[in-house]
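Top to bottom, those sequences are chains A, B and C. Count along the first sequence from 1, then add 4; that gives the number in our numbering. Count along the second sequence from 1, then add 5; that gives the number in our numbering. Count along the third sequence from 1, then add 1; that gives the number in our numbering.
Hints are computed from structural coordinates only; laboratory data are not their basis. Don't be surprised by glycine CBs; every beta carbon is placed ideally from N, CA and C. Any given hint might turn out to be false.
Pulled from the structure, derived: some chain C residues nowhere near chain A, Cβ distances all over 10 Å [to be verified]:
id: 1; residue: 32
id: 2; residue: 103
id: 3; residue: 168
id: 4; residue: 188
id: 5; residue: 195
id: 6; residue: 245
EDC-like mimics (lysine to aspartate or glutamate), calculated; alpha carbons at most 20 Å apart, straight line [said to hold, decoys possible]:
id: 7; chain 1: B; residue 1: 69; chain 2: C; residue 2: 186
id: 8; chain 1: A; residue 1: 7; chain 2: B; residue 2: 114
id: 9; chain 1: A; residue 1: 31; chain 2: C; residue 2: 138
id: 10; chain 1: A; residue 1: 7; chain 2: B; residue 2: 100
id: 11; chain 1: B; residue 1: 206; chain 2: B; residue 2: 227
id: 12; chain 1: A; residue 1: 98; chain 2: A; residue 2: 122
The chain contents come next:
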Amino acid sequence: MNKATIDLWVGIFVTIGLGAIVFLALKVGNLTSIETKPTYRLDASFDNIGGLKLRAPVKAAGVIVGRVESVKLDNKTYEAVVSLRMDNGYQFSKDTIASILTSGLLGEVYIGLEAGGDPVMLADGGRISKTQSAVVLEKLIGQFLFDKASSGSAK
Amino acid sequence: MTDVTFGYDRRRPVLRGINMAIPRGKVVAIMGGSGCGKTTMLRLIGGQLRQQTGKVLVDGQSVKDLSRDGLYALRRRVGMLFQFGALFTDMTVYENVAFPMREHTDLDDALIRDLVLMKLNAVGLRGAAQLRPAELSGGMARRVALARAIALDPMLVMYDEPFAGLDPISLGVVGQLIRTLNDALGITSVVVTHDVYESLKMVDYLYFVSEGRIISQGTPEEVRNSTDPFVRQFVDGQPDGPVPFHYPARPYAEELAVRAR
Amino acid sequence: MPASTLARGVRRIGAGTIRAVSRAGFATRFFLLVLRHSPSAFHRLQLTAREIYFAGVLSLVVIMVSGLFVGMVLGLQGYDALNKYGAGDSLGIFVGLSLVRELGPVVAGLLFASRAGSAITAEIGLMKTTEQLSAMEMMAVDPLARIVAPRFWGGVISMPLLAALFSVMGVFGAYLVGVRLIGVDNGTFWGNMQAGIGFWPDVTNGIIKSLVFGIAVSLIAVFEGYDANPTAEGVSAATTRTVVGGSLAILALDFVLTVFMFRGLGSG
């Protein structure tokens, strides 16, 4: 077991070890995603964000164009202010609508963007004014029962 | 050593009031039964242990008071041969002897090579340079350890039981080497052993230690003619005497009577 | 129970506690000394490289084969459980997360403690028994710098690499079972996995965990070896303590780290 052999094996070991870490980062994790491309920030306020989590995707026409960066509560308006980290390659008009949607019935919660026709585009730090909050199941049921009750009593 | 007292456990001193002087350039033997504190003395000299009272001076310096650097400087001038050799098993004989040189000097490989071969030649093992410690006999391993101990031309060499477990030929060889190296290199040697025959052949002075005290001392001539019962028992190899044969126990008759019931 | 036995028992517990605490103190001082002597371990890179070989390279086979099998079992059991909820397509993310976050660092750590940790302890303990450490000291070479520190760093460097390799082999094993054997769609397997696992926090936390485990196991291994009783039984007891202590340390640290790292996920 001489020096040269040991050095060779240690070199191989360290190389494949680091390679494994890189593999995990790229193929298993998602390092190659938006985080490495230039981005800009947009804000949006919602009455209720439902189950929206940090790093949830922002999609337009089903394509991921950004991620949720932070969620805060505005102390004055008591609305949820969500910061979106958007990919530079995608620009959206001032009258874009941001909705909180669920993929499938029990899937993850994400933000869907529908572009409008306004020629002016949102810039870094801009605010999406038109938003649609999440559908909260309890309110929906409450609404349904209320409607049922009022339509019943109206008869 | 002056009035040295030492114990691993404060309440039970291993060494009591030891007074010993080892003159430069001489070979001195410290003899005694097993477990009487001989190896402890070597460790005190080497600074691995610190005495509770008294002074241990090496070349005028008190070992206990040395700083870390001072201690390391001292150890570079002291060689030690451990019981059974204590060679580094993951290196060859050559690398073992070269170890102190590589660690403490900046000599280049060619020079180290010459020095190592020289030391190995002095102990007669130049041809075994590429062997590993596991492939050596006890005697050969001891000699390699000797070569390693003198690698940096120390001023003092300590031998811990250099004769333990050797065949008669190796005994003679090691004894001879200790003497010749001491005289040829002008070093001082301290030999801890209980081999009376070999020691009397080659040392200049002997100390006898029992139960932590120096019982007797003298030149080989004085020792051979000594009337001290302890020395006599040791030199003549008597099973019973001042060092008792029986480990302390109750009277024999009493114990048998107890068992018979 | 007679009072004397009770008193004796209490005294034993007290003495034992004091012994344990003083040992812990000694261990801490030892750790700091090892750190202080570490620079020399890196000046003499050859020494540390040698230890990386003995700790890491020689563990490769065990780690990678175990990773493969664990991954395959995860694939089988995972699919079985997920399929009940119609979530068979999530196999990739299930296996990926389990391995990267937990099983990779923990299982690789346990295997490392048994294989490399015990070897290191035995080696140092044996050197202590045959007085090689003493001899080195007497030759004015500090064994902490020359023997202990390189082995410590060899272990610390090897652990994250081994954990990563374990996880990769695990994912591969699950891929073999899930995609090739059971028939989960290849794209779905990898796609869901990639979507669900982020480099930050999942992969990086896994790496941090394996580093912490590496430090803990390597420290325990070199300490037990250095502190071992210089007899055959002493070395044997020391290696046992390394494996048991190292394994428990890994599991305990895993819990603590998991709480800190993954506390925030799953909630808003």
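A quick look at each hint next to the structure:
1. Even its closest Cβ contact with chain A, about 25 Å, leaves residue 32 (chain C) beyond 10 Å, as expected for a residue assigned away from the interface.
2. No Cβ of chain A approaches the Cβ of residue 103 (chain C) within 10 Å, the least distance being about 14 Å, so the stated non-interface status holds.
3. Non-interface call for residue 168 (chain C) relative to chain A: violated, since the shortest CB-CB distance, roughly 6 Å, does not exceed 10 Å.
4. Under the 10 Å C-beta cut-off, the non-interface status given to residue 188 (chain C) relative to chain A holds; the minimum distance is some 13 Å.
5. A cut-off of 10 Å between C-beta atoms contradicts the statement that residue 195 (chain C) is not in contact with chain A; the least separation is 5 Å.
6. Distance check on residue 245 (chain C): its Cβ is at least 27 Å (rounded) from any Cβ of chain A, clearing the 10 Å threshold; non-interface status holds.
7. Our distance criterion of 20 Å between C-alpha atoms is broken by residue 69 (chain B) and residue 186 (chain C), whose separation comes to about 75 Å.
8. Restraint check for residue 7 (chain A) and residue 114 (chain B): satisfied, since their Cα atoms lie roughly 16 Å apart, inside the 20 Å limit.
9. Taken as a hint, the residue 31 (chain A) and residue 138 (chain C) pair is broken in the structure, with Cα atoms around 50 Å apart against an allowance of 20 Å.
10. Proximity of residue 7 (chain A) to residue 100 (chain B) is assessed by CA-CA distance (about 14 Å); at most 20 Å being required, the pair is judged to hold.
11. Under the criterion of a C-alpha separation no larger than 20 Å, the hint pairing residue 206 (chain B) with residue 227 (chain B) is consistent with the structure, at around 13 Å.
12. Using a Cα cut-off of 20 Å, the hinted pair residue 98 (chain A) and residue 122 (chain A) holds, with the two alpha carbons roughly 6 Å apart.
Hint check: violations occur at hints 3, 5, 7, 9; the rest are consistent with the structure.
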